[in-house]
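A.B. asks: Required output: the full structure, derived from the provided sequences and hints.
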Amino acid sequence: MRRYVVLVAYEPGSWESASEATRQEYFAAHHAFEEYVDAHGRRISSAPLAGADTATTLRHVGGTVSVTDGPFVESAEQVGGYYDLELPDLDTAIAAGALLPASYAVEIRPVVTIAPAGPV
Amino acid sequence: MTEPAEIVLETVVREEWGRLTSLLLAQYRRLDLVEDALADAVAAALRRWPADGAPDRPAAWLLTAARRRVIDRLRAESMAQRKAPLLVTDAEHRQEGQAAMADPGGLVEDDLLRLVLMCTHPALAPESASALALRLVLGVSTHDIARLFLVSEPTAAARITRAKKKIVAAGIPFAVPAADVVPLRLESVAQTAYLAFTAGYTPGSGPDLVRADLAGEAIRLVRVVVGLCPDAPAPVALLALTLLQHSRRDARVGDDGRLVLLADQDRRRWRRDEIDQALALLDSPVLAGPLSPLAASYVVQARIAAEHATAATPGRTRWDRIVEHYDLLLTLFPSPSARLARAVAVAEASGPEAGLAALAAVEIPGSHRVAAVRAELLSRRGDTLGASAAYEEAIAACRNDTERAHLVERLAELTGADPA
Numbered sequence: 001m002r003r004y005v006v007l008v009a010y011e012p013g014s015w016e017s018a019s020e021a022t023r024q025e026y027f028a029a030h031h032a033f034e035e036y037v038d039a040h041g042r043r044i045s046s047a048p049l050a051g052a053d054t055a056t057t058l059r060h061v062g063g064t065v066s067v068t069d070g071p072f073v074e075s076a077e078q079v080g081g082y083y084d085l086e087l088p089d090l091d092t093a094i095a096a097g098a099l100l101p102a103s104y105a106v107e108i109r110p111v112v113t114i115a116p117a118g119p120v
Numbered sequence: 001m002t003e004p005a006e007i008v009l010e011t012v013v014r015e016e017w018g019r020l021t022s023l024l025l026a027q028y029r030r031l032d033l034v035e036d037a038l039a040d041a042v043a044a045a046l047r048r049w050p051a052d053g054a055p056d057r058p059a060a061w062l063l064t065a066a067r068r069r070v071i072d073r074l075r076a077e078s079m080a081q082r083k084a085p086l087l088v089t090d091a092e093h094r095q096e097g098q099a100a101m102a103d104p105g106g107l108v109e110d111d112l113l114r115l116v117l118m119c120t121h122p123a124l125a126p127e128s129a130s131a132l133a134l135r136l137v138l139g140v141s142t143h144d145i146a147r148l149f150l151v152s153e154p155t156a157a158a159r160i161t162r163a164k165k166k167i168v169a170a171g172i173p174f175a176v177p178a179a180d181v182v183p184l185r186l187e188s189v190a191q192t193a194y195l196a197f198t199a200g201y202t203p204g205s206g207p208d209l210v211r212a213d214l215a216g217e218a219i220r221l222v223r224v225v226v227g228l229c230p231d232a233p234a235p236v237a238l239l240a241l242t243l244l245q246h247s248r249r250d251a252r253v254g255d256d257g258r259l260v261l262l263a264d265q266d267r268r269r270w271r272r273d274e275i276d277q278a279l280a281l282l283d284s285p286v287l288a289g290p291l292s293p294l295a296a297s298y299v300v301q302a303r304i305a306a307e308h309a310t311a312a313t314p315g316r317t318r319w320d321r322i323v324e325h326y327d328l329l330l331t332l333f334p335s336p337s338a339r340l341a342r343a344v345a346v347a348e349a350s351g352p353e354a355g356l357a358a359l360a361a362v363e364i365p366g367s368h369r370v371a372a373v374r375a376e377l378l379s380r381r382g383d384t385l386g387a388s389a390a391y392e393e394a395i396a397a398c399r400n401d402t403e404r405a406h407l408v409e410r411l412a413e414l415t416g417a418d419p420a
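Read top to bottom, the protein sequences are chains C and Z. Numbering of the first sequence is given in the UniProt record's numbering, commencing with residue 1 and proceeding in unit increments. Numbering of the second sequence is given in the UniProt record's numbering, commencing with residue 1 and proceeding in unit increments.
Bear in mind the hints are in silico, worked out from the structure with no lab data behind them. Don't take each hint at face value.
[To be verified] Here are the simulated DMTMM-like cross-link-like pairs (lysine to aspartate or glutamate), alpha carbons at most 25 Å apart as the crow flies:
hint, chain 1, residue 1, chain 2, residue 2
1, Z, Lys-165, C, Glu-86
2, Z, Lys-165, Z, Glu-77
3, Z, Lys-165, Z, Glu-153
4, Z, Lys-165, C, Asp-89
5, Z, Lys-165, Z, Asp-110
6, Z, Lys-165, Z, Glu-127
7, Z, Lys-165, Z, Asp-144
8, Z, Lys-165, C, Asp-53
9, Z, Lys-165, C, Glu-107
10, Z, Lys-165, Z, Asp-36
11, Z, Lys-165, Z, Asp-40
12, Z, Lys-165, Z, Asp-32
13, Z, Lys-165, C, Glu-25
14, Z, Lys-165, Z, Asp-72
C.D. replies: Pasting the structure below:
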């Protein structure tokens, strides 16, 4: 088996502005995707990512690590994979991310925690 | 004779805002509540102090009032069963925060450093970090931040809000990082402060040439950092640089509101005390050792400013030394504007012909400055036709009213026409 990561991209705000019916279609599509994956392999982890305005990008420039705000969408680089990590804060995540190969651009994105629906 | 309550309040807000913010953050970890609570406390003080008299310990009064506001909000939220995301701190910090409440001292300074490092974190967009640091560390109003950066007040407010949201969502900690990371982070602090400082001197498209009072706030931020970390080279070098540049603020604009060039400035209006302080900083042992490129570039720029500051008259400026400084600066950070400034220095040191040669390959898209310098040098060489064309080019590209007026006047002098 090989492991694959799927990153989802959509227009900012489209979820917020979607009607309830459209949201049900989204849920149904995600559900169908997950059923297909479950039938043919297994899901290791998945989560919605917070918006690109919460991203931090690292690059090795001239022997030091440069840290900047935002994603690396304007470059030719494509997201190639993800590590799902639990770390105390962004500084720790930056220190960890800086250890990855220097040819990588590493995007650190906070994961949205969805509270379980309480008793109705 | 006691001071009027309004003056006491203004002083305590100016001097203690950052410490109060950092104490409240250490205790409550709620970035979204703390600033509003403190602003409310100041508003309450403004109502009550003039009537009741200023309290003996004004900072403690504000802290207590702000704590009550935070607690009220937290109670209201817990009634509504809401949970807001908290700033990342650790238990130890929170205990320190509690201890500092009782006995302000060194621990408070640690919290203030945490606040400065959080606001200027490199993961924040520079203009947001700059606005946030001015707001949270110095208590500068959103109105003044907007004026400084030449943006609308809603835009300035949005930058601050965006930065706060990212801090909480991305988990930027309210903490002092590992020792090996601190020097780099202090460079981010310096860059953030310098961005705010240069915003005050960057001519925009309007008539407001110098927002010098607000540039002074950026220097105050640098002073806070130098106070917290006196052995860090980048902030010390930046303090020297900004003091030297700022020392000329009164002479930069004439009584008619127009730009006065360095050579024409009344040097008696330069702030000698600030120049002396900057020169002392440049001689300090902190800057004697090996420096990072950023710190070294601040030192070199400060030495250029110091050459001007110490020349008794424009004619006695050591332009040869200034050219050498620019040569060094270009090896550290090559930039078109540094090459332009070097060409000006070369022209002063070796004549317009050499200056034009140094200027030949300099291009700054969208800026009128290269054309303006070329016009001046062509004019000095006696090429009236070429100079007129270059002035026309510069005037067409210039977006600042005051600077354009100056260029129009120069062109009129050259062609003998009436500037009106």
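A.B. asks: Hints first: check each against the structure and report whether it holds.
C.D. replies: Quick rundown of the hints versus the structure:
1. A C-alpha spacing of about 20 Å is found between Lys-165/Z and Glu-86/C, which places the hinted pair at or below 25 Å, so the restraint holds.
2. Taken as a hint, the Lys-165/Z and Glu-77/Z pair is honoured in the structure, with Cα atoms around 19 Å apart against an allowance of 25 Å.
3. Taking the CA atoms of Lys-165/Z and Glu-153/Z, the gap is near 18 Å; set against the 25 Å cutoff, the hint holds.
4. Taking the CA atoms of Lys-165/Z and Asp-89/C, the gap is near 15 Å; set against the 25 Å cutoff, the hint holds.
5. For the suggested pair Lys-165/Z and Asp-110/Z, the alpha carbons sit about 23 Å apart, so the restraint of at most 25 Å is met.
6. At most 25 Å may separate the alpha-carbon atoms for a hinted pair to count; Lys-165/Z and Glu-127/Z meet this at roughly 15 Å.
7. In summary, the hint linking Lys-165/Z to Asp-144/Z is supported, as the alpha carbons are separated by about 22 Å, within the 25 Å threshold.
8. Proposed proximity of Lys-165/Z and Asp-53/C is supported: the alpha carbons are some 10 Å apart, at most 25 Å.
9. Annotation: proposed proximity of Lys-165/Z to Glu-107/C holds, straight-line Cα distance about 18 Å (limit 25 Å).
10. Our distance criterion of 25 Å between C-alpha atoms is met by Lys-165/Z and Asp-36/Z, whose separation comes to about 15 Å.
11. In summary, the hint linking Lys-165/Z to Asp-40/Z is supported, as the alpha carbons are separated by about 21 Å, within the 25 Å threshold.
12. About 8 Å separates the Cα atoms of Lys-165/Z and Asp-32/Z, which keeps this hinted pair within 25 Å; it holds.
13. A C-alpha spacing of about 30 Å is found between Lys-165/Z and Glu-25/C, which places the hinted pair above 25 Å, so the restraint is violated.
14. At roughly 22 Å between alpha-carbon atoms, Lys-165/Z and Asp-72/Z fall within 25 Å of each other, so this suggested pair holds.
Against the hints set out earlier in the document, a violation occurs for number 13 only.
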